[in-house]
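Going down the list, the sequences are from chains R and B.
Take 1 as the starting number for the first sequence in the working numbering and just add one per residue.
Take 1 as the starting number for the second sequence in the working numbering and just add one per residue.
Some hints could be false.
Reference listing, derived: stretches of chain R covered by chain B, where coverage requires no fewer than 3 residues with Cβ under 8 Å from a Cβ of chain B [stated by the list, open to error]:
| no. | region |
| --- | --- |
| 1 | 67-75 |
| 2 | 96-103 |
| 3 | 129-138 |
| 4 | 173-179 |
| 5 | 217-226 |
With beta-carbon atoms standing in for the labels, derived distance ranges [said to hold, decoys possible]:
| no. | chain 1 | residue 1 | chain 2 | residue 2 | range |
| --- | --- | --- | --- | --- | --- |
| 6 | B | Gly86 | R | His376 | 20 to 28 Å |
| 7 | B | Glu109 | R | Thr12 | 35 to 43 Å |
| 8 | R | Gly303 | B | Lys214 | 44 to 52 Å |
| 9 | R | Thr106 | B | Pro258 | 27 to 35 Å |
| 10 | B | Lys214 | R | Phe114 | 45 to 53 Å |
Just so you know, these hints were derived from the structure itself, not from any lab.
Nothing here was measured: the structure is a model prediction, and the numbers come from that model.
Quick reminder that beta carbons are idealized off the backbone N, C-alpha and C, glycines included.
Number of protein chains: 2
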Amino acid sequence: MATKVYIENLSTHVGENITLQGWLYNARSSGKIKFLLLRDGTGVCQGVIVKAVVGEEMFNRCDQLTQESSFKMSGTVRAEQRAPGGYEMDVTNIEIISVAKEYPITPKEHGVEFLADRRHLWLRSSRQHAIMRVRHEIIRSIREFFDGRGFTLLDAPIFTPAACEGTSTLFETEYFDLGKAFLTQSGQLYGEAGAMSLGKVYVFGPTFRAEKSKTRRHLTEFWMVEPEVAFNDLNDNMDLAEEFLEHIVTSVLKNRMPELKVLERNIKFLENVKRPLPRVTYDEAVEILHSKGLPFEWGNDLGGTDETVISEQFDRPVMVHRYPAAIKAFYMKRDPNNDKLALAVDVLAPEGYGEIIGGSQREDDYDTLLARLKEHNLPQEAFDWYLDLRRFGSVPHAGFGLGIERTVSWICGLDHVRETIPFPRMIYRLTP
Amino acid sequence: MATKVYIENLSTHVGENITLQGWLYNARSSGKIKFLLLRDGTGVCQGVIVKAVVGEEMFNRCDQLTQESSFKMSGTVRAEQRAPGGYEMDVTNIEIISVAKEYPITPKEHGVEFLADRRHLWLRSSRQHAIMRVRHEIIRSIREFFDGRGFTLLDAPIFTPAACEGTSTLFETEYFDLGKAFLTQSGQLYGEAGAMSLGKVYVFGPTFRAEKSKTRRHLTEFWMVEPEVAFNDLNDNMDLAEEFLEHIVTSVLKNRMPELKVLERNIKFLENVKRPLPRVTYDEAVEILHSKGLPFEWGNDLGGTDETVISEQFDRPVMVHRYPAAIKAFYMKRDPNNDKLALAVDVLAPEGYGEIIGGSQREDDYDTLLARLKEHNLPQEAFDWYLDLRRFGSVPHAGFGLGIERTVSWICGLDHVRETIPFPRMIYRLTP
Numbered sequence: 001m002a003t004k005v006y007i008e009n010l011s012t013h014v015g016e017n018i019t020l021q022g023w024l025y026n027a028r029s030s031g032k033i034k035f036l037l038l039r040d041g042t043g044v045c046q047g048v049i050v051k052a053v054v055g056e057e058m059f060n061r062c063d064q065l066t067q068e069s070s071f072k073m074s075g076t077v078r079a080e081q082r083a084p085g086g087y088e089m090d091v092t093n094i095e096i097i098s099v100a101k102e103y104p105i106t107p108k109e110h111g112v113e114f115l116a117d118r119r120h121l122w123l124r125s126s127r128q129h130a131i132m133r134v135r136h137e138i139i140r141s142i143r144e145f146f147d148g149r150g151f152t153l154l155d156a157p158i159f160t161p162a163a164c165e166g167t168s169t170l171f172e173t174e175y176f177d178l179g180k181a182f183l184t185q186s187g188q189l190y191g192e193a194g195a196m197s198l199g200k201v202y203v204f205g206p207t208f209r210a211e212k213s214k215t216r217r218h219l220t221e222f223w224m225v226e227p228e229v230a231f232n233d234l235n236d237n238m239d240l241a242e243e244f245l246e247h248i249v250t251s252v253l254k255n256r257m258p259e260l261k262v263l264e265r266n267i268k269f270l271e272n273v274k275r276p277l278p279r280v281t282y283d284e285a286v287e288i289l290h291s292k293g294l295p296f297e298w299g300n301d302l303g304g305t306d307e308t309v310i311s312e313q314f315d316r317p318v319m320v321h322r323y324p325a326a327i328k329a330f331y332m333k334r335d336p337n338n339d340k341l342a343l344a345v346d347v348l349a350p351e352g353y354g355e356i357i358g359g360s361q362r363e364d365d366y367d368t369l370l371a372r373l374k375e376h377n378l379p380q381e382a383f384d385w386y387l388d389l390r391r392f393g394s395v396p397h398a399g400f401g402l403g404i405e406r407t408v409s410w411i412c413g414l415d416h417v418r419e420t421i422p423f424p425r426m427i428y429r430l431t432p
Numbered sequence: 001m002a003t004k005v006y007i008e009n010l011s012t013h014v015g016e017n018i019t020l021q022g023w024l025y026n027a028r029s030s031g032k033i034k035f036l037l038l039r040d041g042t043g044v045c046q047g048v049i050v051k052a053v054v055g056e057e058m059f060n061r062c063d064q065l066t067q068e069s070s071f072k073m074s075g076t077v078r079a080e081q082r083a084p085g086g087y088e089m090d091v092t093n094i095e096i097i098s099v100a101k102e103y104p105i106t107p108k109e110h111g112v113e114f115l116a117d118r119r120h121l122w123l124r125s126s127r128q129h130a131i132m133r134v135r136h137e138i139i140r141s142i143r144e145f146f147d148g149r150g151f152t153l154l155d156a157p158i159f160t161p162a163a164c165e166g167t168s169t170l171f172e173t174e175y176f177d178l179g180k181a182f183l184t185q186s187g188q189l190y191g192e193a194g195a196m197s198l199g200k201v202y203v204f205g206p207t208f209r210a211e212k213s214k215t216r217r218h219l220t221e222f223w224m225v226e227p228e229v230a231f232n233d234l235n236d237n238m239d240l241a242e243e244f245l246e247h248i249v250t251s252v253l254k255n256r257m258p259e260l261k262v263l264e265r266n267i268k269f270l271e272n273v274k275r276p277l278p279r280v281t282y283d284e285a286v287e288i289l290h291s292k293g294l295p296f297e298w299g300n301d302l303g304g305t306d307e308t309v310i311s312e313q314f315d316r317p318v319m320v321h322r323y324p325a326a327i328k329a330f331y332m333k334r335d336p337n338n339d340k341l342a343l344a345v346d347v348l349a350p351e352g353y354g355e356i357i358g359g360s361q362r363e364d365d366y367d368t369l370l371a372r373l374k375e376h377n378l379p380q381e382a383f384d385w386y387l388d389l390r391r392f393g394s395v396p397h398a399g400f401g402l403g404i405e406r407t408v409s410w411i412c413g414l415d416h417v418r419e420t421i422p423f424p425r426m427i428y429r430l431t432p
């Protein structure tokens, strides 16, 4: 039999007799010629079947191929600019593997719940392919960024004995004779232990929030990458974050342009993601809101609309830093110049995509951290190991977390995070 | 201030005046000279402090530095073959950041529970550094392998509505109004959906087993990578597995030799991990056991001792294939030449490290798969989406799973998997 080839490699097989294996994406017929569009997961290729070439029996056999039927198609590859993907096959043989039953997803419009119920099939569409490949490239480029800069991967535990940020939004499970275990909301505290050990680390794994939020930005299960660096202060943290975002977006633009085209993504905003990113203080952000006539009160957290209005003032992601300490987590270090402010930074994506990064310099003083735990009514015993990081050679350190799904949503230009992950989990969806 | 440098980059700063930041790993004094061993997470460097150079005040100040105290050390870098890491610093300035309280982990022997309770500090030791860096390299090389071969990453869900392999060893959590969600034991079924969509995929994430196994090979939370390839049969699957293992081990030998030295790893067995790996059928494996006088009964699963005896016959990992179908999962395809056998393959690591890979060709016939579900008393409704993969363009496909922690354990030559992951979770351990 002819060599089996993936469609993504067709360019190196022009003029050769090869075999493609895949599924019927589309078909049309024009008298004595049939056109079969085969997809194999790496691309699509049009096969041209001429009755006079393959004979009547094989020509008619093609009519059995319903949408998503699996088959092999052999013939000679030809460059053809007008064809999707740029190549066509002059088919000499068709071998049917499995005829698909009537496929539920058709070119007509389907409701999103109908598609979500069939996510395992919906993933076969070119749009979902494009999103999954952009997601893959984002994750690949993230690891490349840290691996290339001397960071060590530190897989934080999923089962945790205590909550990082309050207990109201935790999933819990019975854990043998040890009582309850909670599913992690963030690997940061463990990342801090890692940074004191390995200097520069990144945590990368799924995180969980049992929030009853039914918005286009919320999943109950989402992936997060969290770098943590010993001896970094807030400015170093912002430097790292902007270099990081530039690297991700540059990688996607370099390696996934065909996918961005499928998604009809306007890449103008992506091409702007170059250092330096604008940096505004929370105070300046409040001034922006007031100048736009919004009745925002100092001390509140930024809402979705506030974030959109602020980000609209800039042509690329904007970093907002030095938030009121009262609305930020206990572990954030206070600004030495103003004890009411935390050395925190959020990065807001353009085009209304909101916060994609949240980070801070961490409190590194033992007594201050202990006082914060008490202020937040957190049990000292559960955090005793975390306090150890301040007992034994404490150093300034900082880090941030980037949410993968929100980043995919922004870079792909999606309306809802449910398309950013293969099998999304939301408060009303646990299947398939 | 002098340029801040990481120890791993010292080779490019010889003769320069630089600053190192880190923690005191060790110190000794000889009259008018002190030697401070600073670790910064990327390596260790010895600073030489001469009283006549730095003056009495600074010389004496060094005495405050207890083990794991944090400090900055500035001076000129010098190549010194006898020094750990190959470089030394002639120190001109010491800046103390934080004096550590009495450090609980000392050079003397500690019990493993004592160390495990202080895992956040234990991670600072050179041995744990080495393991974490080998772990990182294993994971990096795994992703490099698949990314470089056209696979798409497919993150399978952690929350699942049903069990992949029985329900007795599942962690469960309340999931809003949808009842219970179970933590995934394997992303394979979702990987199969991905392979039908994207051709070649790999799932890579944490998996969970609530097994009450208190052995040196069991964690309740462990990471697994699971490639799945459309149109692959069992032989293709074994070809992929052996190429994959060769790539991982070659990468570690190439990039982490200093760490293997720290671990005093005998690398003879690692250097042997070259294709082709030996392949024996289950039947042949049973013959080996009988020839060694073991009273093994055909049809049983291989136990730890059996695996060790079989692997001792080979100088590299061995693939055992075609197991009795009765002891394997419902989704495995039967051998067309013998319906009692499943087209399964396990890869056994040498030196008694046991199974590190388990895989199979999958059942691709709708009616057969449906019958298997019934035989295993699995609810058809929960697997209806999985059956869809056979309704709509079913193709032969195969895949396998590699357990990260067992692989780290084997490559590092460890006695117990608890050291293979930053914060291990076992039936009797959920902290820190």
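How the hints compare with the structure:
Given a C-beta distance limit of less than 8 Å, the hint that chain B covers the region 67-75 of chain R holds, as 3 residues qualify and 3 suffice. Interface restraint, the region 96-103 of chain R with chain B: holds (5 residues with C-beta to C-beta distance below 8 Å; minimum three). Three residues within the 8 Å Cβ limit are the bar, and the region 129-138 of chain R against chain B gives 5, so the coverage statement holds. With 6 residues carrying a beta carbon less than 8 Å from a beta carbon of chain B, the region 173-179 of chain R meets the three-residue requirement, and the given coverage holds.
Check result for the region 217-226 of chain R against chain B: holds, 3 residues qualifying (beta carbon to beta carbon below 8 Å, three or more required). The hinted window of 20 to 28 Å between B:Gly86 and R:His376 is violated, with their beta carbons roughly 47 Å apart. Taken as a hint, the range 35 to 43 Å is violated for the pair B:Glu109 and R:Thr12, whose Cβ atoms sit roughly 59 Å apart. R:Gly303 and B:Lys214 have their C-beta atoms about 50 Å apart, which keeps the hinted 44 to 52 Å range intact.
For the hinted restraint 27 to 35 Å between R:Thr106 and B:Pro258, the CB-CB distance of approximately 58 Å leaves it violated. Taking the beta carbon of each, B:Lys214 and R:Phe114 are about 47 Å apart, inside 45 to 53 Å as hinted.
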